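Engineer: Chain by chain, the residues run as shown.
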Amino acid sequence: MEKQWEEMSSDEKQEELFARWMSPKDPQGNDLKFQSAQAEKAYKERITRIKDAIQMKKLPDRVPVFLLPSFFPVYNAGFTPREALYDYDKCCTAFKKLVADFAPDVQPGAVMPGPGKAYDILDYKLYSWPGHGVPPEQSYQANEGEYMKADEYDALIDDPSNFFSSTYLPRVFGALEGFQMLPTLTGILEIYGVAFNFIPFGLPPVQATYKALFEAGAEALKWAGAIGGCNMEIKAAGFPDLWAGYSKAPFDVIGDTLRGTRGVMLDMYRQPDKLIEAMERLTPIMIKMGVGVAKMNGQPVVFMPLHKGADGFMSDEQFKKFYWPTFREVMMGLIAEGVVPNPAAEGKWTTRLEIMQDLPKGKVLWMLDQSDIAKAKQTIGKGACMFGNVPSALLALSTPQKVKDYVKKCIDVAGKGGGYIVSNGAFFDHAKAENVKAMVDFAKEYGVYK
Amino acid sequence: MAEDLVNTLADLKEQEAIKIVTDRLSAGEDPLEILGDARKGMEIVGSRFASSEYFIPDLVYSGEILKSVTDLVKPKLTTTGESKKLGKIVFGTVAGDIHDIGKDIVVFMLDVNGFEVHDLGVDVPVQKFVDKIKETSAPIVGLSGFLTLAFDSMKETVEAMKAAGLRDRVKIMIGGGQITEEVRTYTGADAYGKDAMAGVTLAKKWAGVK
Chain U
301 MEKQWEEMSS
311 DEKQEELFAR
321 WMSPKDPQGN
331 DLKFQSAQAE
341 KAYKERITRI
351 KDAIQMKKLP
361 DRVPVFLLPS
371 FFPVYNAGFT
381 PREALYDYDK
391 CCTAFKKLVA
401 DFAPDVQPGA
411 VMPGPGKAYD
421 ILDYKLYSWP
431 GHGVPPEQSY
441 QANEGEYMKA
451 DEYDALIDDP
461 SNFFSSTYLP
471 RVFGALEGFQ
481 MLPTLTGILE
491 IYGVAFNFIP
501 FGLPPVQATY
511 KALFEAGAEA
521 LKWAGAIGGC
531 NMEIKAAGFP
541 DLWAGYSKAP
551 FDVIGDTLRG
561 TRGVMLDMYR
571 QPDKLIEAME
581 RLTPIMIKMG
591 VGVAKMNGQP
601 VVFMPLHKGA
611 DGFMSDEQFK
621 KFYWPTFREV
631 MMGLIAEGVV
641 PNPAAEGKWT
651 TRLEIMQDLP
661 KGKVLWMLDQ
671 SDIAKAKQTI
681 GKGACMFGNV
691 PSALLALSTP
701 QKVKDYVKKC
711 IDVAGKGGGY
721 IVSNGAFFDH
731 AKAENVKAMV
741 DFAKEYGVYK
Chain D
2 MAEDLVNTLA
12 DLKEQEAIKI
22 VTDRLSAGED
32 PLEILGDARK
42 GMEIVGSRFA
52 SSEYFIPDLV
62 YSGEILKSVT
72 DLVKPKLTTT
82 GESKKLGKIV
92 FGTVAGDIHD
102 IGKDIVVFML
112 DVNGFEVHDL
122 GVDVPVQKFV
132 DKIKETSAPI
142 VGLSGFLTLA
152 FDSMKETVEA
162 MKAAGLRDRV
172 KIMIGGGQIT
182 EEVRTYTGAD
192 AYGKDAMAGV
202 TLAKKWAGVK
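Protein chains in written order, with the working numbering: chain U, 301 to 750; chain D, 2 to 211.
This is chain U alone, in the form it adopts within the complex (with noise of 0.2 angstroms):
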């Protein structure tokens, strides 16, 4: 008999996951149909491919190579990034078109733009997106802001999903203003809660954000059903998709999406307790998140976009004080539930690379940008598989021969015994599609083990 999830071991529990993600399921949890047996077999083999490279057990057939970009997919095929969050039709075509036209062994999958319409509805302020605070041909950029204030860290510590709820989100989206007004939920406990605490629902400001809801919910299902449709699409032309999901960073979360650069790092000097008491207490929300898409989706790779560790952005004591134990015990806690967690190390890393190194041994997927790879390949390369280091500037600007050039210096230095997957190191926008075709031919002709 099939052992339950709590009966697996951690290793057990990530071949339950990389087998899940072999077979795919459609949206009625059948097995997947594939366009054609060439197609179920490209993408059998990929898995395996890719599966080999992170658990590091035994060589790949070869090098794989991967396509991870931002909004390239979209100007590749002819269509403004406002397009592609506007007319789902056009963002599934963009993506499509992106496999058909370089077939790597992992593509990043139509979600990436999401439903424009949906943040015009919800009046989201975190982001400017095209058409809506930067022009329609271009890609979506993040706001900053102090969403939290300096004296909130009791506010989330205490209860961080009811901090989310009124106090976080109310500021983040115009349109949920009204959840300023919500009671705690936990106070209807008895026949004499009941009254006092659904008033509020009845109050205009609150039915406009109810209203509000119902339409964003709305759009981001007709999105989900589009996009969805076409992601299936694509698995079943043999293509995999990476993600099943994301988590984050604690430092990160109050970093980006919480107090903001300046803030996260006044809070260092003025309050470095509260931010490590608030970092710690979101730690299991984040191994819960990543968990959680990893086994709805059944997918092992959740991904981790890093931002405010980076070389330059504090020193390395702060680093190990501040941003290292947290965003460690969550990947040590996506790990124990067979998640394999792909930290993003974009900008560069390479003073962290041997604090980093601290991990089990084929459990991390490592996302590099302009980190020293040599160097990286010594470190954290030694237990973990990393991604990456191809430049945006090259892609965008330079030649396919030195597109060449550089795989092979990447799959030289870092190829050897496995554990190195080629592929852009940022998320790009533009780059000349010659020089992202020669990254993955090349990758594909070079990188075979012999």
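Watch out, some of these pointers could steer you wrong.
[Claimed, not checked] Estimated spans, in silico, between C-beta atoms of each pair:
hint, chain 1, residue 1, chain 2, residue 2, range
1, D, 117, U, 500, 53 to 59 angstroms
2, U, 612, D, 87, 20 to 26 angstroms
3, D, 26, U, 451, 49 to 55 angstroms
Calculated from the structure, these hints are not laboratory results. Quick caveat: nothing in here was measured; it's all calculated off a predicted structure. Here a beta-carbon is modelled for each residue, glycine too, at the ideal position from N, C-alpha and C.
Fit chain D to the given chain U structure using the hints.
Structural biologist: Below, chain D alone, put in the same frame as chain U:
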């Protein structure tokens, strides 16, 4: 006392620095002198950043302490002191890009190193750069950008300077997350800096400072 303020600020001791300033003001000291000491403290912060003793959080915090000090001193100021400046620089994040962290660090470092920096902010239209260069006659321009779209914006900004007949009068540096020598060639800028200190070194070289 003068040295105390310089050092407490350089060592990022916020409460102590504020107390010293308050005491000196109530003792009737010249506010300009207090500001001069604060500036010296910030210069030390800058040199500690340059030698990788300090990092971005420390710069941010020092800026915050300086702001508190300036807020205390300002109401007492009768004249504004003109500190010596090495030269003018027009700086900004190019059109379409709203990233400010990297730009702010370079502006900070140029400022504490004695340059008069005209910071145009983020998403700066090409024409705004041209107008500001004309208005200030700044001989140095800094273009910042984080996204790949910035490559084209930088190129367009450089070309606009050319079209306005300013290109020969200015030296242009670019910088940002994905900037390389290849991007520099593409944009037509004179140089790129891989970090804030490289920007300061370039500016000093161009301004003829040893």
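Engineer: So which of those numbered hints doesn't the model satisfy?
Structural biologist: 3
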